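Asker: Residue numbers (the numbering used here), protein chains in the order written: chain P, 39 to 524; chain F, 111 to 587; chain S, 458 to 552.
Hint data in this document are derived by calculation from the structure and do not stem from the laboratory. Bear in mind that the values here come from a model prediction, so they are computed numbers and not experimental data. Among these hints, one or two may not hold up.
In silico DSS-like links for lysine-lysine, alpha-carbon gap of 27 Å or less [what the hints assert, rightly or not]:
1) P:K308 / S:K482
2) S:K483 / F:K324
3) F:K411 / F:K450
4) S:K483 / P:K452
5) S:K481 / P:K274
6) F:K448 / F:K510
7) F:K348 / F:K239
8) F:K519 / F:K554
9) P:K132 / S:K523
10) S:K482 / P:K123
11) P:K78 / P:K319
12) F:K552 / F:K565
13) S:K514 / P:K274
14) F:K444 / F:K223
15) P:K123 / P:K292
16) F:K239 / F:K312
17) F:K547 / F:K565
18) S:K481 / S:K514
19) P:K452 / P:K78
20) F:K536 / F:K547
21) S:K514 / P:K429
22) S:K459 / P:K132
23) S:K514 / P:K452
24) F:K519 / F:K565
25) S:K514 / P:K132
26) S:K493 / F:K239
27) S:K493 / P:K132
28) F:K444 / F:K411
29) F:K450 / F:K570
30) F:K586 / F:K554
31) S:K482 / P:K452
32) S:K549 / P:K452
33) F:K465 / F:K536
34) F:K554 / F:K496
35) F:K239 / S:K459
36) S:K481 / P:K452
37) F:K510 / F:K536
38) S:K549 / F:K246
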Amino acid sequence: MLALYEYTAGRLAEMLRTKETSSVEITRSVLERIDAVEEKLRCYVTVSPEEAVKMAEEADRRLAAGDGKPLTGIPIAIKDNMCWKGHRTTCASKILHNFHPPYDSTVVRLLKEEGIVILGSANMDEFAMGSSTETSHWGPTRNPWNVEMIPGGSSGGSAAAVAAGEAVVTLGSDTGGSIRLPAAFCGVSGMKPTYGAVSRYGLVAYASSLDQIGPIARDARDIALLLNIICGHDPKDSTSVPRDYPNFSNSLDKPVKGMKIGLPREFFDKLEDPDVNRVMKDARQIYRSLGVSFVDLSLPHLDYALAAYYIIAPSEASSNLARYDGVKYGFRAENFDGMIDMYCRSRAEGFGAEVKRRIMLGTYALSSGYYDAYYLKAAKIRTLITNDFRKAFEECDAILCPTAPSPPFRIGEKMDDPIQMYLTDVFTIPVNMAGLPGMAIPGGFSSDGLPIGIQLVASHFEEARLVQLSSAFQKETDHHLKRPSL
Amino acid sequence: MDYEAVIGLEIHAQLLTDSKAFCSCTTRFGAEPNSNTCPICLGMPGVLPVLNRKALEFTVKMALACNCRINEFNRFARKNYYYPDLPKNYQISQYELPISENGFVEIETSQGKRRIGLTRIHMEEDAGKLIHDETKPVSYVDLNRTGVPLIEIVSEPDIRSPEEAGAFLRELRAVLVYLGICDGNMEEGSFRCDANVSVRPKGEQALGIKTELKNMNSFRFVERGLQFEIDRQIELLKAGERIVQETRLFDSATGTTASMRSKEYAHDYRYFPDPDLLPIRVEPALVERLRSELPELPTEKKLRFVNEFGIPAYDAGVLTASRELALYFEETVKLFPKPKMVSNWIMTELMRRLKGEEHGIDSCPISAEQLAALLRLVDEGSISGKIAKTVFDEMFDTGKDSSAIIEEKGLVQISDQGELVEIARKVLEDNPSEVEKYLEGKTKLMGFFVGQVMKVTQGKANPAMVNQILMEELKKR
Amino acid sequence: MKITTEQVEYVALLGRLALTSEEKKKYSAQLDDILKYMDMLAEVPTDDVEPMAGPVKLFTPLREDKVEPSLSVEDALRNAPAVAGSSFRVPKVIE
């Protein structure tokens, strides 16, 4: 018999409809689980148990009144970079350690309208800059499968919480792999939707042209349920795309027979890790058995994506993070001499090392005399990468590739080697550069028992196809059903 | 050696939209600091901008009125610099792809007509306000103004004198006000001007080293600031010294400019396309609609006034300086079709009173109908011009109709032949020695007799009739 | 060297970051490594390529010019580290 916190959102929603349980019971079960394992894992920045129970009570009233929506009463955690009115939203940074937004982000508004129970905010790399959730001002989150290991980042808290049962589902954000990488490293499913499919209003910006909110959950079905809530046009976000978003749950049981999956050689040429290679081979085998055919293809500019990303993202970040200056909100240094010194000290004391590194990198790339060689060059290469993908999708329905070059690594292992850390995102970044939807699902385990994810990528606004492919995969496999012992 | 000045102006004009450029806060300024702010204009984490349609349309109107080319595809860029009145520490502006380029305006100067080129007109957002404490080392930040839509108008370095700069600014201001897109108030900062100034030997083509002048918040200060800076630069060059490229602040108290050496101004703006806003498309159909909505602009109107009403160019210039004044003039002429007389009355009596009370025509207590009625009474001879001026002042003070004032004060002109003859005879009888001298040939005394009649009638006698009657009565003697 | 310590100092001032001399050394070395890695971009011919500012191929939407309520002054200032009356308080800005 599973405890309530171990079920998927889809299953719990059924149980709520049949009155087998209540939202308060589910919420209490998850809160007890948080009490039991949070100290070990540090998935959260802030948990608000009293408020969660109140929201659960309200959800139960709604359900009793027959006013429930598909996920009414299901407990969720949001990443600590999504503004929730009146609740501390810190981006895991000292500079926002006490920031209480006076407004709701659009995703939080949508969750509230659905009647979802918000448990609190999940830990992350500071300002979503990182691949390991080690740069958090609140300390690192640990991988539930092995607490010596990183959970991946930057949405490490969100992914680890789902894996550990500290939330039923969560929201993360993905700028260069920040949903898919931790989902893969924690053995759960995570999707970065198409850029423009989910409103960014209220998502604290890291790199505006790359950031996208997406769901993290135990299976494709829960991913679809969350996409149904968060995808949609928002007039408050000028980059939000107006279109009819489908009911993603309708794709869960569609057969994949006859679909064509592309295997870009640039992804696989680089693959050295034997475990990851094995998992990828197994995945191909499963899809083949489902009647999917494969096509080898090339994305010639893929090798430049990482370098271009580490110009564009820091450039945008250097500007997005300029507002943290100790004037309107957040941290202000205690001792300073005049206005400029107040800025410099507040920012130096308020930001961590990785954030400062990226601010300087981005400032440099935009500065007089370097703009053409760095920012402009990278923006042009971004066009080439996007064109590569467009051509690839003329030949296939989706792309299959690894999520990360290796299984999760040790805490501290790459902290002093930025480039090695950046290379963790080498397979996820190209997807953000082109604004495509990408999904990571559990594909197997390393010889050390650590999760390894596979990645599926589709053309713009083809999230439904990713739901279809991942659901088909999960019907054939049980990797997503495995739970870490804590 | 003779020097000439080379001046380019950068003008910022606040647009008269109801809400801000990228959020829905009001643009009206509350008395309380930070009362018109929201997460977006406060630059809070996570917020995003959405462009105000009116701000775009107003900018296109100005660009069309200034003969600019509209760039169908343009975009916003971020201008990055730290300043406490700029909450995001970047300003949403336009850089590589502005909404409009390559325009011009024509101005009249003492040297005749000149065309001043416009490099560009682009959209951006305003910053907030800083108040510096007089006694403590602190400043206070009020972000009510933050995010109010602005247009920046950048001229070519085509201006050669402070006088031309003044004429150019007045012309731009008149166009903005005519379009109804800016109130043009320089003192309150809704219309602001910075200048780039350099000097060079006359005949030289290459540009000299320029300085940037700021803090000139009236037309007069712009002209004074420029003159001071030009003189300063010429003196430096004559003394064999070099001009330092820098930003200088005009001090209205001393009429001088001084260097602003703060390192806050070491700028490297790092412009790049704003990823929170997509490219802007100004559809040709929108441009055509806005073009068709353009009102008659000051220059065209002035020309029409000269041709249609036969008034002097100078008068036409004064009357068209504001759209409301021109409208007032035209409405009055419609009711009383003697344009020269209307123009004279507006330019002398009305302007005198408006200036004294520091009123604009929109707050003039005398309506066009009331003015026309007054002028008709003068024209018909019901009252003399002199009395009309008294009546006018009374109208201005009370807002009453001329007929009511004339009746109340008994100011109607005496044009009764019998009454006037009687008065004339009495005057002649009372002044026998003057009559004798007149009859001996001292005809200049006619003025004396007229004056006496006027004195008796308190100025109400019809002057033309008085002359005629006196002449006849004297002949009889 | 792709980036000198002086350039790091300049960039840190532009980005308003106070750095210790140790940090300057560390960041100079790290940024240098990163910029060397970026060198690979130079080998891609991009003369005829349009730069891409973002993935959405639409034009910016326009909002109607309608006023909506602002925050209360209290909410606007609630998160501020230093306030005086209804204003944010900062060290004196010298002009």
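Asker: Check each numbered hint from earlier against the structure, then list the numbers of those it violates in ascending order.
Answerer: Hints 1, 2, 5, 7, 8, 9, 10, 11, 14, 15, 16, 18, 22, 23, 25, 26, 27, 32, 33, 35 and 37 are the ones this structure does not satisfy, whereas the remaining hints hold.
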